[in-house]
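Here's the letter readout for the chains.
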Amino acid sequence: MTPLLTPGQRRELPVTWQLSAHARRLVTVAVTGLLIAVITRRPEFAGLAAPALLLLLPGRGQPPASLGVQVATTSGPVTEGEPTAILVRVSGYGDGQVRLALHAATWITPGEITAAGDGWWQITFVPERWGARPVGTLEVVVYDRWRLADCRVLTSVPPLTCYPRAARLDSLIVLSKLPPRLGEHTSRLPGEGIEFAGVREFVPGDRQRRINWPATTRRGTLQLNTFTAERAQTIVILMDVSIDVGEAGRSSSDLAVRAAAGTAARYLAARDRVGLISYGRQLTWISPAGGRRQADRIMQLITAARGPAYPPEMLASLSRDTLPPGGLIIVFSPLLSVRLIEGLRALRERGFATIVVDVLTAEPGAGLGRHRAMADLARRIWRMEQDAIRFSLREIGIPVVYWDGRSPLDEPLARFLRRPVVNR
Amino acid sequence: MSRQASAWRIIASVTLLAAAEVAWASLPLGGGLLRGLLLAGAICATVMSVLRLAMTAAGNDEGSPDLGIYDWPGARAWRWLKALPARLPWAELLAVAVLVLEALHPARPWYTVVLIFLLTAFLIGYHLAESGAGLSMLRPQLPLLLAGCGLAVLCAAAAALPGAGAGAGWLAVLAGLAAVIVAGLALPV
Chain U
1 MTPLLTPGQR RELPVTWQLS AHARRLVTVA VTGLLIAVIT RRPEFAGLAA PALLLLLPGR
61 GQPPASLGVQ VATTSGPVTE GEPTAILVRV SGYGDGQVRL ALHAATWITP GEITAAGDGW
121 WQITFVPERW GARPVGTLEV VVYDRWRLAD CRVLTSVPPL TCYPRAARLD SLIVLSKLPP
181 RLGEHTSRLP GEGIEFAGVR EFVPGDRQRR INWPATTRRG TLQLNTFTAE RAQTIVILMD
241 VSIDVGEAGR SSSDLAVRAA AGTAARYLAA RDRVGLISYG RQLTWISPAG GRRQADRIMQ
301 LITAARGPAY PPEMLASLSR DTLPPGGLII VFSPLLSVRL IEGLRALRER GFATIVVDVL
361 TAEPGAGLGR HRAMADLARR IWRMEQDAIR FSLREIGIPV VYWDGRSPLD EPLARFLRRP
421 VVNR
Chain P
1 MSRQASAWRI IASVTLLAAA EVAWASLPLG GGLLRGLLLA GAICATVMSV LRLAMTAAGN
61 DEGSPDLGIY DWPGARAWRW LKALPARLPW AELLAVAVLV LEALHPARPW YTVVLIFLLT
121 AFLIGYHLAE SGAGLSMLRP QLPLLLAGCG LAVLCAAAAA LPGAGAGAGW LAVLAGLAAV
181 IVAGLALPV
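First to last, the sequence lines map onto chains U and P.
For the record, in the first sequence the residue sitting at position 127 is 127 according to my numbering, with numbers rising by one throughout.
For the record, in the second sequence the residue sitting at position 6 is 6 according to my numbering, with numbers rising by one throughout.
Here are the simulated distance ranges between beta carbons:
(1) P:Ala5 x U:Leu154: 25 to 35 Å
(2) U:Thr79 x P:Ala12: 40 to 50 Å
(3) U:Ser407 x P:Cys44: 48 to 58 Å
(4) U:Ala366 x P:Cys44: 35 to 45 Å
(5) P:Ala5 x U:Ala378: 53 to 63 Å
(6) P:Arg79 x U:Gly117: 35 to 45 Å
Here are some chain P residues pointing at chain U (derived, C-beta under 8 Å):
(7) Ala91
(8) Ala95
(9) Ala107
(10) Pro109
(11) Val113
(12) Leu119
(13) Thr120
(14) His127
(15) Glu130
(16) Leu144
(17) Leu145
(18) Cys149
(19) Leu151
Quick caveat, the hints were computed from the structure, so don't treat them as lab data.
Just so it is clear, the structure is predicted and the values come from calculations on it, not from any experiment.
By construction, the Cβ of each residue, glycine as well, lies at the ideal position given by its N, Cα and C atoms.
Modelling step: build the complete structure from the supplied sequences, incorporating the hints.
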């Protein structure tokens, strides 16, 4: 579906007209024919100039000194991999003809240019990567009626904000202890929910409509149905984009932001409180909250994520508002940053239930020629070091699962979906 | 689909016209280094100009190649070669080579007129293929085109008359005037 497009200001751009390639060819032929005719004294070559000269005659007009260009772009963000469009209207070229071309940035796959009516042209394209980036340059070429003169205008297309394609997550990880906040997850504690918990003896003050009559008949005393409380949980997503490795489109940062977007959307849809920590060029965060506005804030932070850069501040310095006790921390990281791993250990020591989703999709390449053996050795050492990092995290109670970026997130997280994750 | 097919048909016609004019201008084949060089140049220009059109039609109209300093020489050479059809005005070079080839032959006015028709048709066909415009674009220019061809026939007839060489002085004056008109048409734009 094409998003709503908002027209921008009409800009008057000065133009310089020049001979078209066709006119240059006609001039070349006419001049060459005349020169040969004079040099060789053969009049038939002068005849060659006649058609070319006569074809050049109509191009004598007063071309416009400026063109009006108006660009309409989408008012909201678009999503990675989904086709979108801009509209362009060129005015002030009289009875000439116009040709448009989009010199797209590397993250854009240009599509077709079609007439959209009322003088507008629609240029479709597909943004292939998330982020707020420039779309490219629009080239407007205007020809006169006879295509003997043309002018060229280059204008930049406004930058576009592209959200990452959210990873699919259908199920939810639920903690064993939930904070006292009304929600949709079944708690172990009795409460006013709709999930049946058990039967107990009636005491004065209980609601009569909850009396379990079959149990009362069997036991001879009044028995009452009890229900579990329904609570919301707090999820903090830690998105590590401090080191970006792998091919563009499937790099560790790409996988981390897609997973973060999908996880945030899923938990917010379940009315949980979701926060986000972006561990990239700098440590930026959004404290947990729920609702639609929180979803927008999270997507904006994800889109603005930048890396790599210097290692940011330690996670331990974050306040209780950002990392509330009893919350679940889901980390999407290639686990290449030593400072991040130290931070995860510190969080575990503080009692947070933490799950790490490994999004590392690349490894050091093979060496060439006589350095091959050394490169293979270095790669083996590197792999052992990575295994050791993951083992050390598991040893302190932080499970590490691998996500390849293609399957739904439910697959790597399956073993946490079956029963509640224990937290302090 | 039909538009694409039409573009390829025009390119095929342009290729045939270019081949025909090169063959017409070079026949009968004679010796001489200059003639051989011109013929080779004309053939090269034909291939390059047709390649340029084909690349435009296929949507692979690259300008100057973006040569990376870390590319190996073979890759650099390949990219440079790929950009070669767009680097030079091959159609103009072809027209000049064909005209000079024809000028190297002894005077043969009616033969030259056919070459003029072929060359004019090539230029128009090349323009249609390059711009992607239909034949209807030519309709307003048709009277001018016919008038130009008529003038070319008149020039050939004048050349074929016995004693045509006596008017060479007038020819020089007329050619000079025509050159001024060409410059006047071209420069102010």
